[in-house]
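K.L.:
These are the residues of each chain, in order.
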Amino acid sequence: MRNDYLDFEEPIAALEKKIQDLQSSKESDKNNLSEEISKLNNSIIKLTEQIYNNLDIWQCVQVARHPQRPHLLDFVEKICSNFDELHGDRHYGDDRALLGGLATIGDHRLVLIGHEKGRTTEDKINRNFGMSQPEGYRKAARLMKLAERFSLPVVTLVDTPGAYPGIDSEERGQSEAIANNLGLMSSLKTPILVNIIGEGGSGGALAIAVGDHVTMMEYATYSVASPEACASIVWRDVEKASEAAEAMQMNAESILKLNLIDEVIDEPLGGAHRNPDQAALLLKKSIIKNLENLKSQSISALLDTRYKRLMSYGNK
Amino acid sequence: MANWFDKILPSFIKKETAKKSSVPEGLWQACSACSTILYVPELEANLYVCTKCDHHIRIGARKRLDLFLDTGNQTEIAADKRAIDWLKFKDTKRYKDRLVEAEKKSEEQEALVVIQGSLLKLPLVAAAFEFRFMGGSMGSVVGQKFVEGVDHALKNQLPFVCFSTSGGARMQESLISLYQMAKTSAVLQKLKKEGLPYVSIMIDPIYGGVAASLAMLGDINMAEPNALVGFTGPRVIEQTLKVKLPEGFQRSEFLLEHGAIDIIVHRKDLKETVHRLLLNLLDKTLAQ
Ligand SMILES: [Zn+2]
Numbered sequence: 001m002r003n004d005y006l007d008f009e010e011p012i013a014a015l016e017k018k019i020q021d022l023q024s025s026k027e028s029d030k031n032n033l034s035e036e037i038s039k040l041n042n043s044i045i046k047l048t049e050q051i052y053n054n055l056d057i058w059q060c061v062q063v064a065r066h067p068q069r070p071h072l073l074d075f076v077e078k079i080c081s082n083f084d085e086l087h088g089d090r091h092y093g094d095d096r097a098l099l100g101g102l103a104t105i106g107d108h109r110l111v112l113i114g115h116e117k118g119r120t121t122e123d124k125i126n127r128n129f130g131m132s133q134p135e136g137y138r139k140a141a142r143l144m145k146l147a148e149r150f151s152l153p154v155v156t157l158v159d160t161p162g163a164y165p166g167i168d169s170e171e172r173g174q175s176e177a178i179a180n181n182l183g184l185m186s187s188l189k190t191p192i193l194v195n196i197i198g199e200g201g202s203g204g205a206l207a208i209a210v211g212d213h214v215t216m217m218e219y220a221t222y223s224v225a226s227p228e229a230c231a232s233i234v235w236r237d238v239e240k241a242s243e244a245a246e247a248m249q250m251n252a253e254s255i256l257k258l259n260l261i262d263e264v265i266d267e268p269l270g271g272a273h274r275n276p277d278q279a280a281l282l283l284k285k286s287i288i289k290n291l292e293n294l295k296s297q298s299i300s301a302l303l304d305t306r307y308k309r310l311m312s313y314g315n316k
Numbered sequence: 001m002a003n004w005f006d007k008i009l010p011s012f013i014k015k016e017t018a019k020k021s022s023v024p025e026g027l028w029q030a031c032s033a034c035s036t037i038l039y040v041p042e043l044e045a046n047l048y049v050c051t052k053c054d055h056h057i058r059i060g061a062r063k064r065l066d067l068f069l070d071t072g073n074q075t076e077i078a079a080d081k082r083a084i085d086w087l088k089f090k091d092t093k094r095y096k097d098r099l100v101e102a103e104k105k106s107e108e109q110e111a112l113v114v115i116q117g118s119l120l121k122l123p124l125v126a127a128a129f130e131f132r133f134m135g136g137s138m139g140s141v142v143g144q145k146f147v148e149g150v151d152h153a154l155k156n157q158l159p160f161v162c163f164s165t166s167g168g169a170r171m172q173e174s175l176i177s178l179y180q181m182a183k184t185s186a187v188l189q190k191l192k193k194e195g196l197p198y199v200s201i202m203i204d205p206i207y208g209g210v211a212a213s214l215a216m217l218g219d220i221n222m223a224e225p226n227a228l229v230g231f232t233g234p235r236v237i238e239q240t241l242k243v244k245l246p247e248g249f250q251r252s253e254f255l256l257e258h259g260a261i262d263i264i265v266h267r268k269d270l271k272e273t274v275h276r277l278l279l280n281l282l283d284k285t286l287a288q
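Residue numbers (our numbering), protein chains in the order written: chain A, 1 to 316; chain P, 1 to 288.
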């Protein structure tokens, strides 16, 4: 039995427990069990649908942050036929929260860039929980220019709580590193496909999220600040994070309605972590479809549209 | 500090420091750094730099542009834009109500003022953030006004100067606000391609989304002395990492030392410095 239920999934957990109890009951009682178990399984599906069709935004935040949610490297393994990671910003170091490299997805050779939060405790610490330092953004910029020179599309997978808040990050120019990427991506002469796969946290996310087509996975989030940061800035009370999540409308469905992204990619029932293979397949299909579309357009048309879209945001 | 200022202080500046509540209205103002009570007409003549401790006192956007630009021949750009409550955002107050309050407090309609004018006869477009309007935060109107200012510079082949002072993105506009970082950075790319200079002048304080976009993207990045500029605010860093921050952290002098800015300029030298640098970048005939 899974042991990673979120609070609002408790009713599902209860049903799964029932199935488990039945399965471990005595051999002699098992006559009518299979029918009962399949009934319970149907109930679980219905209940999961019911819960997930009515997630509030704070619950969505929890799914986006779920410890078992597939990360960049899980997707790389599942959707890339090859991936050669390329390291370093050529100036200072190699950020482990923001990775990039040459990849193939379907028939498409491309430059893949994304955040990796890490899985084990040690790995998470090593990767600053997916929060990049300036070197990460500068490595991303270097790889984007590489993509431009070799006419490779850039695909980004965004999953970060935000940029790393550290003394050393500030010393080495966190602001400049992010700002530079924004300018670069607005005029990079190659297609850029952006996918928010988990948390799209503030400037740290945007620094690899300016592009021609922006998708969000169904339970991903994207906002100007984390709900906790917003709560502490605006409410002056970090306990108001759930209210902040609602107020910022940081879930994919709301953001699509606001016309700030282009597409929402469906996730398996109960979220990507319930079926990472299926989640990866859905993401892969979307990436291939979007790359075909973007590659069919001339670079000058792409750049023109990209720029006009950027200018349209918040201009009424 | 060895107080040579004391010796040159005019007698009408009271030397005793005082609490804000006891500051007389109108003609007198307390320095926000050393609390010395300063005589406003003299403070104004000194460009709102404290005559006692040299602190660069915060001034409004319009005042700043007034001091910077030549008098006359000024045209305000995108003057009448007002914020839109895209998300019907409500925290302890409604965003709409906060906007009304901000307008009252700052006497501005939004947190950015953009004016076409001239600096010592050199025509240019200059923008300034109004910190009293919701902490100079960048919502959609700030982004749009910035873009229209740069577009105006592009159309008329003029240099662009921006005085930034801002707490960052405006939470109440969430993602729309975040996107203004990309939007303003994109329009600056156009300026670069046209060979028109952009001078970014950093004023205490700048954080978050404004630091990580238009403020850091100057062809020349300059800062007033002792300004706080960074991505993450010091309180958040201290709380997250449980560390004590080094002396002078994120101050202009720290930025200069770490290579983030070109030059620190005292307010009294600002006009001449910007003018000189622009002339050095540009064809001098533009100055006529
Ligand atoms: Zn003073």
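Hints are computed from structural coordinates only; laboratory data are not their basis. The reader is advised that the hints may include incorrect statements.
[Claimed, not checked] In silico BS3-like cross-links for lysine-lysine, where the CA-CA straight-line distance does not exceed 25 Å:
| id | chain 1 | residue 1 | chain 2 | residue 2 |
| --- | --- | --- | --- | --- |
| 1 | P | Lys88 | P | Lys63 |
| 2 | P | Lys155 | P | Lys104 |
| 3 | P | Lys63 | A | Lys240 |
| 4 | A | Lys308 | P | Lys104 |
[Stated by the list, open to error] Covered by chain P, per the in silico footprint, the following chain A stretches (three or more residues, Cβ under 8 Å):
| id | segment |
| --- | --- |
| 5 | 12 to 20 |
| 6 | 75 to 86 |
| 7 | 137 to 146 |
| 8 | 278 to 292 |
[Stated by the list, open to error] Cβ-to-Cβ under 7 Å is the rule here; a few derived chain A residues that face chain P:
| id | residue |
| --- | --- |
| 9 | Ala247 |
| 10 | Glu253 |
| 11 | Leu256 |
| 12 | Asn259 |
| 13 | Tyr313 |
The structure displayed is predicted, hence computed values, not measured ones. The beta-carbon is built from N, C-alpha and C at its ideal position, and this holds for glycine as well.
K.L.:
So which hints don't hold here, by number, going up?
P.N.:
1, 2, 3, 4, 5, 6, 7, 8, 10, 11, 12
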